[in-house]
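Student: In terms of our numbering, the sequence shown opens at residue 0 and continues consecutively.
No lab work stands behind these hints: they were computed from the structure.
Incorrect hints may appear among the rest.
[Unchecked claim] Cβ pair distances, simulated, as ranges:
(1) S13 - V90: 48 to 56 Å
(2) D201 - S13: 43 to 51 Å
(3) D98 - G25: 53 to 61 Å
(4) T284 - Q308: 20 to 28 Å
(5) L320 - A32: 30 to 38 Å
Built from N, CA and C at the ideal position, the CB exists for glycine as well.
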Amino acid sequence: MAPQSMFRAALLVSFSVLLTVVLGFGLPALLNAIMRMLGLPETSVTECIVLIYAGFVIYVASPRIPRGSVEDKDGEGAKELDEFHSDRMKVVQLDVCSDEQVKKAVEYIKGNLDDSQRGLWAVVNNAGVSTFGEVEFTSVESYKQVSEVNLWGTIRVTKAVLPLIRKAKGRVVNIASMYGRMGNRLRSPYCVSKYGVEAFSDCLRYEMKTWGVKVSVIEPGNFIVATGILTRDIVANTANKLWNEAPDDVKEDYGKIHFEQYMALMRSYCNSGVKDMSPVLDDITDAIRSKRPYTRYSPMEPHWWIRMQVMTHLPGAISDLLYF
0 MAPQSMFRAA LLVSFSVLLT VVLGFGLPAL LNAIMRMLGL PETSVTECIV LIYAGFVIYV
60 ASPRIPRGSV EDKDGEGAKE LDEFHSDRMK VVQLDVCSDE QVKKAVEYIK GNLDDSQRGL
120 WAVVNNAGVS TFGEVEFTSV ESYKQVSEVN LWGTIRVTKA VLPLIRKAKG RVVNIASMYG
180 RMGNRLRSPY CVSKYGVEAF SDCLRYEMKT WGVKVSVIEP GNFIVATGIL TRDIVANTAN
240 KLWNEAPDDV KEDYGKIHFE QYMALMRSYC NSGVKDMSPV LDDITDAIRS KRPYTRYSPM
300 EPHWWIRMQV MTHLPGAISD LLYF
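Produce the complete structure using the sequences and hints provided.
Tutor: Here is the structure:
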C-alpha cells in the first residue's frame with residue numbers, strides 16, 4: 000500500500016507542476032495572441048498569473064457575497080425564527096417511503112398554514128440512509144432500500160408539496176452529497192441514490208423557473224463524525240451481513256483477507272470528517288432565505304472540494320490515476 004500511496008502522491012505533485020507550467024506559459028501566450036489580434040497592448044506573464052490567482056482566491060477563499068434575504072412583510076417572522084419560538088414549530092412523524100403518510104403530512108401542512116392560498120415557502124429533503132460494500136457483495140435489495148429513502152423519498156415528498164411551493168414561489172432544497180458528483184469504492188448504493196437526487200434537482204430546476212421557484216442542492220462532504228451516520232458497530236454489523244450473504248464463488252474469488260482490508264478501511268472512516276454541522280446548516284439557511292440562492296452548495300473540506308473538481312472536470316484517465 001505504501002508504494003501505491005507514494006506513487007499517487009508523486010502523480011498529484013507532477014500534475015500540480017504541469018498545471019503551473021501550463022498556466023504560467025501557455026495561457027499568457029494565448030492571451031497575448033488574442034491581445035495582438037484585437038490590437039490591444041500585450042499583457043505580461045506576471046499580470047496573467049496574478050489575475051488568475053486573484054480570481055481563484057476570490058472564488059474559493061472569500062466570504063459568500065450577500066445576495067439579499069427574503070423576510071416577512073413586517074420582519075416579525077424572521078425575528079421569531081431567530082428567537083426559536085417553539086409555538087411556531089409543528090412536528091409530524093413521516094416515513095418518506097410511504098405514499099399514505101406523505102399524503103397525510105401534506106394535509107397536516109395545509110391545515111396548519113395561516114393562509115393556504117399563499118402556499119408553503121420551502122421544503123428541505125433531508126431524510127437519508129447510507130450503507131457500503133463492494134458491488135458483488137451488495138444485494139440488489141440493499142440498492143433498492145437506500146434509493147427508496149434517498150431518491151424516491153425526495154421525489155415523493157417534493158411532488159406532494161410542489162403545488163404549495165409553486166403558490167408561494169418558494170424553495171426546494173435537496174440534500175445530496177459530494178458522492179452525488181463523484182463515485183468511490185464501496186459506496187455504489189449511496190452514490191447511485193445521490194446521483195439521482197442531483198439529476199432530479201436539475202430537471203426540476205429547469206421546470207420550476209417558469210413558476211419562480213428556486214431549486215438548490217446541498218452537497219455535504221465528510222461529516223461522518225458529526226452525524227454519527229457510520230459507527231464501528233454499524234461497520235461490524237454490515238460487514239457480517241455482507242460476508243454471510245455473499246455468494247460462495249464471490250467469497251472464494253475475493254478472499255477473506257481482501258474483504259477484511261476494506262472493512263478496516265471503513266472502520267477508519269468512523270471518526271473522520273468535520274465535527275461541526277454549521278457549514279451545512281448555514282448553506283441550507285442561505286438556500287431558503289436568499290433572494291438569489293445558489294444552484295449548488297458544497298460544504299466540505301478543501302481536499303474533498305479539490306478532488307470533486309478534479310474528478311468532474313478532468314478526463315477520467317487522469318482522475319483515476321490520481322485517486323484510484
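Student: All hints are to be evaluated individually against the structure, with a verdict given for each.
Tutor: Status of the hints after comparison with the structure:
no.: 1; hint: S13 - V90: 48 to 56 Å; verdict: holds (54 Å)
no.: 2; hint: D201 - S13: 43 to 51 Å; verdict: violated (34 Å)
no.: 3; hint: D98 - G25: 53 to 61 Å; verdict: holds (56 Å)
no.: 4; hint: T284 - Q308: 20 to 28 Å; verdict: holds (25 Å)
no.: 5; hint: L320 - A32: 30 to 38 Å; verdict: holds (32 Å)
Comparing the model with each numbered hint stated earlier shows that hint 2 is the single one that does not hold.
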